[in-house]
Amino acid sequence: MIEVRNLVYEYPNKRALDGVSLTIEAGSITALVGPNGAGKTTLMRCLAALEMPYSGEVRINGLDTRQSPREIHENLSFLPDFFGLYDSLSVKRCLTFAARSHGLSGKAVDIAVDKAAERVGLTERMKQKAAELSRGLRQRLAIGQAIVHEPNVIMLDEPASGLDPDARRSLSALFLELKASGLTLIVSSHILSELEDYSGSMIIIQDGLVVGGQAVALTENRISYLVELAAPVTGFDGFLEGLPGVTRVTSEGALSQIWLDTPAQRAAIVKAIVGAGHQLCGFSETKRTLEQTYLEETGKKR
Amino acid sequence: MNPELLRNIWVELTERRLTLMIVIVACVLLVAISPGQWSSASFTAELLFYAVVVVWGTRCAAQSVVEEISTKTWDSQRLSAIRPWTMVWGKLLGSTMLAWIGGIMCLAVIMISAFRAGGTESLVNQTIYFLTIGLLSQAVALLASIVAVRRRMSHSRFDVFLYQLAGLIAALLVWRVWQTADPTSLFRSWTGGIDPFAVREVWWWGGSFDPGTFYVASLVAFVFWTLLGNYRVMRRELQVQNGPVVWLCFIVFLAGYAGGFDFWRDYVRESSFMIGMRAVQAGMTIAVVTYGMALVEPKEVVAYRWLIERFKRRQFISLLGRFPAWGYAYLTVVILGVIAILMLPWTIAEKANVYGGPMIVLAALGFVLRDCAVFMAMGLGQVGKRSDIAALAILALLYVFLPGMFAQVPGATVAFYPSEHDPSWLNPLIAWTQALLGWFLILRRPDLRLRPQT
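Residue numbers (my numbering), protein chains in the order written: chain A, 22 to 323; chain B, 324 to 777.
Among the clues, some could well be false.
Pairs of lysine-lysine residues, derived as DSS-like cross-links and limited to a Cα-Cα distance of at most 30 angstroms, are as follows [stated by the list, open to error]:
id: 1; chain 1: B; residue 1: LYS708; chain 2: A; residue 2: LYS35
id: 2; chain 1: A; residue 1: LYS292; chain 2: A; residue 2: LYS308
id: 3; chain 1: A; residue 1: LYS113; chain 2: B; residue 2: LYS708
If you're looking for bench data, these hints aren't it; they were derived computationally from the structure.
Chain A on its own, in the form it takes in the complex (with noise of 0.2 angstroms):
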């Protein structure tokens, strides 16, 4: 778990970061968002212990970056968005770097590392150097660097930057394997639409402060359904919160907005409706996307 507590970080000419306060849940992946300058990477290098707040706490699975910065660092992972590799080493040995500089030893060393470089697709490339591969592949041995020692948190800055749409589509499946495997991902990314795969929550950064002060679950009310009448209907919004199983109903005109428990109800919301003799026209599953989720909260806090 990571527990962000009144962050302060401040440059000589601005406040970077302005009391940010949040918790993220173990096995979670949170999204990280926010124009840029917001202050996202800075809270990251924090959250990674890679630079000291002016004040404030953060917790690492208990551990304070203040008083145990290196063994969080044993634990944990950061991938910036400008990242380099050791070019003259081969992608085994880079590897192998990674996985005895984060104190495995022995015969754990060559498990992980076929491990990583299975999960990240490099096993047939263990002989290549690291300068040879093209710019996606770096990327999955940096990502592979980054998870060999199997750390608890992984934290990655714009991690599909320069991807094709191919290696997006694996990469999001890693950050589904990896937090199935029991890992903490924090994503940041410009691109809402990519984040939407995996991320089950998301933290908007915006002039140094987190919008709203917390994360905003992502997969909670995120499907939705829609009805359309043939005509607007005076009572129709009581009649649907009436319904076993509805959670919440908006309405304008003849189109209401309708939350579900599980979707397995809809059989029966759509049965009852037609039961009670409105004449339905439509009734369609809809999806808020994170880019509306995203509008939504900035739009609040404005």
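With chain A's structure known, arrange chain B on it following the hints.
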């Protein structure tokens, strides 16, 4: 095995480079040994050792961290689990490994020659000297580069040369001091046996020591402190907080080391005067350290703002934990200055070769504080060499150009540096006025004001 050392072996010790180094050094040494004259062979081996281990080795050491920054791999190293001490050794020995392989080949010839010329004692002294001068110069170059990294400076080839230069200067100083104790030194072979600084014995804390032994012991001590310095700076770079204890221990060691030299034993007999002179010697040495640290320490506005906030909140323990190194050094200079003021005689007319009376010491304390204010005023919030150059230019102005311009004005020097004047209180008064005014202006800088939290 140290992972950083292993990585360096992969990168540095390629088959081609290793073969090239061994073949070249072996060829040169074989040519030197072949006439059977071990003294000339040793001369060649010494020169080759300096070229390979000191000149090239310092370059490799200076580049080791800087290269990581330019290839953007430094953050991943900072995020590893490698401990600071392991990182220092991995970088220091790893980056210079090829140089040391060549150096060890040269050292073998030097050792044989030393044993043939002077037996076991010479062998031990020469071996320790060459190993420590190599290690010291490389460690100083690495230290200079990590300090520059901490200051977020740029790292051009010229910058790397500057870090290397720090190592080379350290080696040159050690070499020159070593020559003063060696009657068969390279230096004396160039000057026809004359060395104005030649020493037959070293007087230190009232005892007489053989210069060779004293120098070897001193070298080992300074190598230890330099490595410890590397470790401490590396700790900070890896985000581990450093307390002040080790730095204070170094200052105390240096004060004790410098204050121990009995330069005045032929002139001074009174014990209080002797204590005063020792305090002056130690104080001057620590003042040099103060200047050095005020110049090279990062002068981040935010860090100083944080210190001011701790002071205002009376959180003195936190404040002392992150108090700048130059500040501790200056406080030590003040303590030594007070000892000197209390112990030195007020009248110095009949004393020859004395640094000066208590008023000059008091003035010196003020001028050092003023000069720290100059470093701070120029360096706060600035990154790069320009602020250093500006501060040094102002000091040159204060100590050289302005006194030269006002040379015709009687007593004008009291405004610029410690000097005797009648009345004697004028010099310290001017020094402390400048120092306090300088610091008053710095503390009023808008960027040092605390920001309210929203």
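Non-conforming hints, listed in increasing numerical order: Hint 3 contradicted; others consistent.
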